[in-house]
Each structure stands twice: as C-alpha cells, then as structure tokens.
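Visitor: Chain residues, written in single-letter form:
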Amino acid sequence: MDEIYEFFKNFLPTSILLTFPILFLLVPIQYSHASNEFSSYRMQQFNFYGVSHGCRSSSFSLEAKSIKTWKTSRHCVITRLKDLTNYNFLDIAQQAGALLIMLPKDMSSLSIDERSNIIELEKTMLSQEVSIPVYFLLWNKILQSIINNVDILTASNDVSYNKKETATEALFNSVFAMGYQMVVNAPKPSPILNAHIPIIQGKLSAYGSQSTMSSTILIVAHYDSQSVAPELSYGTDSNGSGVAIILELARLFSKLYSKTKTQPKYNLVFLLPGGGKLSYLGSKKWIEEQAESTDQNDEANVLLQNVALVMCLDSLLSSKTLNAHVSKPPKNGTIISRFLQELKNVASEESTEYQLIHKKINLAEQILAWEHERYSMKRIPAFTLSSLQSHKDYRRTSLFDTKEEIDFNNLYHNAKIIAETLARLMYGFSDSKVLTTHKVEFDSLKYNLEFISSHPRSMQILSDKDNTLVVSLYNIMSRYLHCNLTFLYAEKNDPEFVFFDVTKATLHIYSVKPAVFDLVLTCIIAIYLTLVYYMIQIFMQILLILQQDFSYAAEGINVFDFLMSSSSQNTQNIGFGPDDGKKFRKTFEQKYGHKGKNLIESMGQGSSNILPRLKKARKFGILTPITFITNNLSLKP
Amino acid sequence: MTLYHFGNCIALIYLPYYFVYKYSSLSEYGAFWKCIQAGVIYAITQLCKMLVLATFFPDSNITGTIGFDIIGEFLKCNVDLMDLIGLYVVLCGIPGRGHIKILTAGLGWAGAEILLTRFLLLWVGARGAEFDWKYIQKCLESNVNVINHITTAALIWMWSRFDSKKNYSQYITDLDYDSVLNTIFK
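In the order they appear, the protein sequences are chains A and B.
First residue of the first sequence: 1, per our numbering; consecutive thereafter.
First residue of the second sequence: 638, per our numbering; consecutive thereafter.
Since the hints were made in silico from the structure, they are not lab data.
Built from N, CA and C at the ideal position, the CB exists for glycine as well.
Misleading hints may appear alongside valid ones.
[Claimed, not checked] Derived coverage of chain B by chain A (criterion: at least 3 residues anywhere in the stretch with Cβ under 8 Å from a Cβ of chain A; other residues may be distant):
hint, region
1, 644-652
2, 763-771
[Claimed, not checked] When the alpha-carbon atoms are kept at most 30 Å apart in a straight line, the in silico DSS-like pairs for lysine-lysine are as follows:
hint, chain 1, residue 1, chain 2, residue 2
3, A, K359, A, K392
4, B, K713, B, K659
5, B, K713, A, K513
6, A, K513, A, K492
7, A, K320, A, K261
8, A, K141, B, K771
With the hints as constraints, model all of the structure from the sequences given.
Guide: Pasting the structure below:
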C-alpha cells in the first residue's frame, strides 16, 4: 500500500483524493434511471361552495401491496379498477398510504355489474375528501405484470399464513422476496390562482334593421366534462355530443343567414358555457352578467329580454331517442310548446322515439339536474334535449365516457331532427321538409366530435388563460358567427369554486429487496472473497511446484537443466539419497559420456548441445541459471 | 441501504484484484507503476479501437435494419484483435521474469477495464433505489475477466516467444483468437 500512496503523492495532489469522493457523494441520486416510469393521473380535486371534494395530496414513496395484503399506512395499494369496491376504497382511504388504480385495457369488455360497481365507486370517491394520494394509470403490459407479481407475492404469503410453511422457507422468503417501491414526486397541490371559466358566445342576427329587438333563440351546450380523474375525462357523450351539434348547427345556419332570401326573423345565439358539471355555473354567471347590465340600450340586456326559447343540448349520443326535459309543462300557444310539437312531428317522421319528461326543480340539491333549470329559474322558457332519460345516468360523469364504443349514426340522426325542427320553427313551415339543399353533414359532425372528445376537458385543465382547446373552439365558432369570449372569475372572498393543479404526475416503480438482503449479500461476498484469497494462495504454491515439475517434465529438460536454472533466491532442497547417484549415473553417461566427458568438452567449446535446453528452461520463466546448491550433496568435479 | 449495496458491489469487484496483486508476489516486485502503465496502454488501445470503428464501420442500425450483415459484423469483431496488439505492447514494456510479466500485464489491463467500464456503471446503477441482479452479475463477470485477461496475456507471451515450435504457435494463435471472440459473443 505504501507504493500506492507514494504514487499518488508523486503524481497527484493529495487534495484530489479527498475532493473526488466528496463530489461524488454530493451528487444527488436521481430517479431518472428507474426501470419503469408511467404517467399517472391524479384524482379530481376541487372545492365547490366551500366543500372540498377529492384527493388532497400528491406525493408518496411506499412499498406496493395488493388490495388483500396491505396493513399499514406505510403501504401503497395497487389494484385494478374492477377489483376495487366501495367498502375497500373507504378502508384504504382512511388507513393506507396511497392508492394506485389501473384502468382496464378495454372499457367495453366490462360486464354490466362491474360497470355499475365502478360507477358507484366513482360517486363515492368524489363525494368526500380523500387524504391519501390516489392515482389512475392507463392499462399497460408492464404494469399488468407488476400488479400480477404483487398479487402472486401476496398469494404466497397467504399460503404461508395458512399452511405454516417451514421456518427456512419463511426465512428465505423474508430475505430474498422481491418488492416494489412506488414513488411519485409531485409538488403539493395548490389552488389555481385566477381560475376562470371561459364562455364562448356566437350570434347570427335576424333579418331587418331592428334585428336586436327580434326575438332570440338561444342554443346552449356546456363543453366541459367531469370524471374521477381530470386528465381522463374525455366526456364524449356529455357533453362532446352537444358541442358537436352546436358547431354543426352554427355552420348550417350561418349559410342560411348569409342570404337575405333565407334569413329568418329570429336572432340565433349559440352559447358554449363552461362549468357545466359544477351545477351549470357558466350558464348561471352568464345570465347574471346579462341581467346586471342595466343600460336599456345595452345589447346584452336586450338579448336577455328577447330570449324566446332556450334549447340546451346534453348527451345526445347514446341512442336514437330524444327526451325533452322541462321544469314545468309548456302552455299551449307559447313558442316552446310549438317547438316541442314540431319536434314530436319530425321525430315521428324519422321514426324516432320522443318523450316529454317533466321534472320539478329541486332547489335543495347542491347540483341542478339539467342546464335548462338555470334559465327556468329566471322564468326564461327553456328545455333540455337529451338521449338520456334521467340526469342521474352514469354516463354523464364517468371514466367510461370516451371515444370507444360510440355510434356516430345516433348523433347524426339526432342532429338532423334538431336542425330540421329548428328550421321549421324559424321559417314557419310545419309539414314540409325544410332542410333539403343545406343539411347536417355527417362528416363535419363526426370531425367535430372527434376533435372535441380527443381532449380531456375538466375545468381544472381548461381554466388557464389561452387554453388551446378553448381558443380553437372559439376559432371554429368565429368562422361562422360573430363571436365573443368572456371569462368568469370566482368571487374573491367566497369563491364558488377552487381548482387545484397537479392533475398528472410520473410514477416510478423500483423493484427492491429488503434491507436484510444486503446484509446477507455481504456475508456471501465475504465468503466468496475468502475463497478467492485461498485460491490465489494455493495457485501460487502450485505455480512454484510447477516451476519445479516443468524441469522433470518430458519436455526434454532433465534434472541437470533444472539444477542449472533454479533460482538463486529460492534455495532448492532436492531429495538426493545415497543410492540416487548410482541410478542417475546410467542416464547421465548415456547423454554426456563417461564421467561427463562430453559435457565438459562441449562446455569448453561453447555448448551446442545444452543451449536449446536452457532456452526451453527460460521459456518457463526461469531465466538465470545459478549455482548448484543441495544440502545433501555437493558435486565434486 | 443503497449506498451499502454499492459498497457490496465495490468489494466484490475490486477486492479480488487487490488479492491478486498482493498475494501473487506482484507487490514484492513493485509492479504497481507497471500496472498503471498497462492501464494507460489499455485506454489508448480502446481509443484507437473506437476511432477505427467510428471511421470504418458507421452505424449500420440506421441505414439497414433488415438482414444481418455477416461479413461486416465479422470484420467489426476483428477490430478487437487490437486488444491483442495492445496487450503485446504492454508485455514488451515490462522487464522481468515470465510469470511476473504476464500477471502484471493481465492485471493492469483488467484493472483498467473495470475502472473505466464498471465503476461508473455501478455508481449510477447500484446506488439507485432499483435493485437488479445485473450488477452482481457484472461484478462476478469482471472477476472472471481477470483470469481471462491473464490467460490471454500468457498466450500472447508464449506466441511472442520466437523459439516456440511452429505448430505450437499455430495453436496459440487459434487460442488467442478464440479467447477474443469469446469475449465478443458473450
């Protein structure tokens, strides 16, 4: 070791010896080289009228356990969505450390029972505050196998519990069992400052100079969606379908309004409010804003006063049925009853089921059932068109509401009926088909729906300014209409809604061994190194023996060569008994003549006989021929 | 516990080298500086190899992924013969008795290899939270490599002896080739 020290002392400043290890230790351990990384979507978190909903925390680093074996808050439960039940969830939410839920590979493969379980679960999850981090993961082959492994580990544990396996097996398992460490590093969720709800409004003006005074038909569809995870709420049916129909109606009627010949006497206003899943907050705020402008000549005020009919569109994708939801039965003669009558006619022409559903507004409930109730409360004639029978239908706030398993024909069919009815009402026809040259285009409708349902549209995500989805919606609308975009902010003192950020994070999964394993490993390494040590020792001894044995080997080197070549440093003890000389004499005389005459002669002349043998001896690493030293014998010349 | 695991790996990988150095009479000959020299020559050889590979064998993965270019791969493997040349240079630079020569060259060569290829791998890998048998396996592999390099050095040394018989040297050349190719296909 001294020479190593000398070496460093000579060639390197000693300080480097200190600085490098310190530098290395200061380098933080990075998690970037984890073998498995998954994007995970955090559960919904928001406050609504001061009540907090959803998951409160975001970071954890815990050991993974299956739903059956978790015990303490030091465990992170990882499970499939369909394996989780309401009861389990409540238990986990209170006592476990974190919850990871993997969505099924194919939502449509679930049975009806499983679906209704999941719907129940979603409701439970959102109805209360959850203190542990809850994340959703998309189906993934690797993740699937990890969950299987966790399950298998737990299954074997169960067996050990029941059958009392042998102590050695248990010990072996406790040392060598593989575990998974789940790590999510995310900032603490904080309220989104200046969260706002964008509202897009577009208008087609009626024929004539007094167009602002003309009665107005308002078509409303909220564009946001909601499910248990913000980043996974694609809301295709609710309310992508409504928005898609509005965009298509805007395209269709902008063509009709552009020609004076076909310009109707109604103003047509399209409204895309946000916050639909927060008890239609967008519509509420919009109405308040319109009503607040006291100026008589203000366009907004006039607009609200002249609204003859509000048609809300919600979830029109699931079947070829139209349900008109109203808060009170329409009186005969009003425009709303005319519209609904017309709708009934058109629907029967197209052989579509139509139903008028009457449901009183329940003011006691925190969340209103349908969007038209916001308008009905202000005594504006309004109704909601939907394919759904009840507002409680699971599809409206579920993870299942995705682009999978949808039928564009339903949407096309429903949109056609709505457009036709609207046209008949505005042009005053009642029997003949109005929309013949200009009609609802299947492709454009499909494109709209695909565009809108390819983005998650939870309010958290849309609440930043210049959100791309909102901006592109606005751009599409203003292609056909005179548009404006307004933003509604929550009140400063007593905010109606508070959104929280951190909607997604990266999950790192490390496969880890228990701490005991490293200790056992140290012991094994120590044993191994001891073996290596002895092997080297033995090898060196063998080498020494070999050096001697080579000289006896049938390589043509005899004892003489060996004696010639033996090391000066190692004094060789050669067994040489009294009788050996006699035995040796015969071979010696054969080679070197009587009494070694030839040997002496050849040495005197410079040996040609002996040199090759010396070379052979050198080949085995024995370079310097040295003196003959034996204890038992001294050769006399 | 991960730093501890790193310590385990380091012990497993470097202690055998130390033992070889200490107990195979190398330390008595003061061969440390010679080992360092062998290491430097190792580094230079690897640099040359990389230059040759980069110049004459541009990455074939980008251009043609279909089909396996046997001749190209074979030539590519032949570049590893430069290792033998490097080892020969090392052997030439060390005076002394045969087995010391071989041990010094082999140990220096293998030592430089583990320092340059394994240490960073272990530092980055074995210290992380993730456990993998891979690192233990690498450590054991480099233990085998010591023996491999020492034997290769021995073979080269025997080959370089001008007086070894012709058919014998043929045999040695084959062996050299084998040991190199083995490392490639491992």
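Visitor: Indicate, hint by hint, whether the structure satisfies it.
Guide: Structure-based check of all given hints:
{"no.": "1", "hint": "644-652", "result": "holds (count 4)"}
{"no.": "2", "hint": "763-771", "result": "holds (count 6)"}
{"no.": "3", "hint": "K359/A / K392/A", "result": "holds, 13 Å"}
{"no.": "4", "hint": "K713/B / K659/B", "result": "violated, 37 Å"}
{"no.": "5", "hint": "K713/B / K513/A", "result": "violated, 40 Å"}
{"no.": "6", "hint": "K513/A / K492/A", "result": "violated, 51 Å"}
{"no.": "7", "hint": "K320/A / K261/A", "result": "violated, 33 Å"}
{"no.": "8", "hint": "K141/A / K771/B", "result": "holds, 22 Å"}
Figure legend: structure checked against the earlier numbered hints; hints not met, in rising order: 4, 5, 6 and 7.
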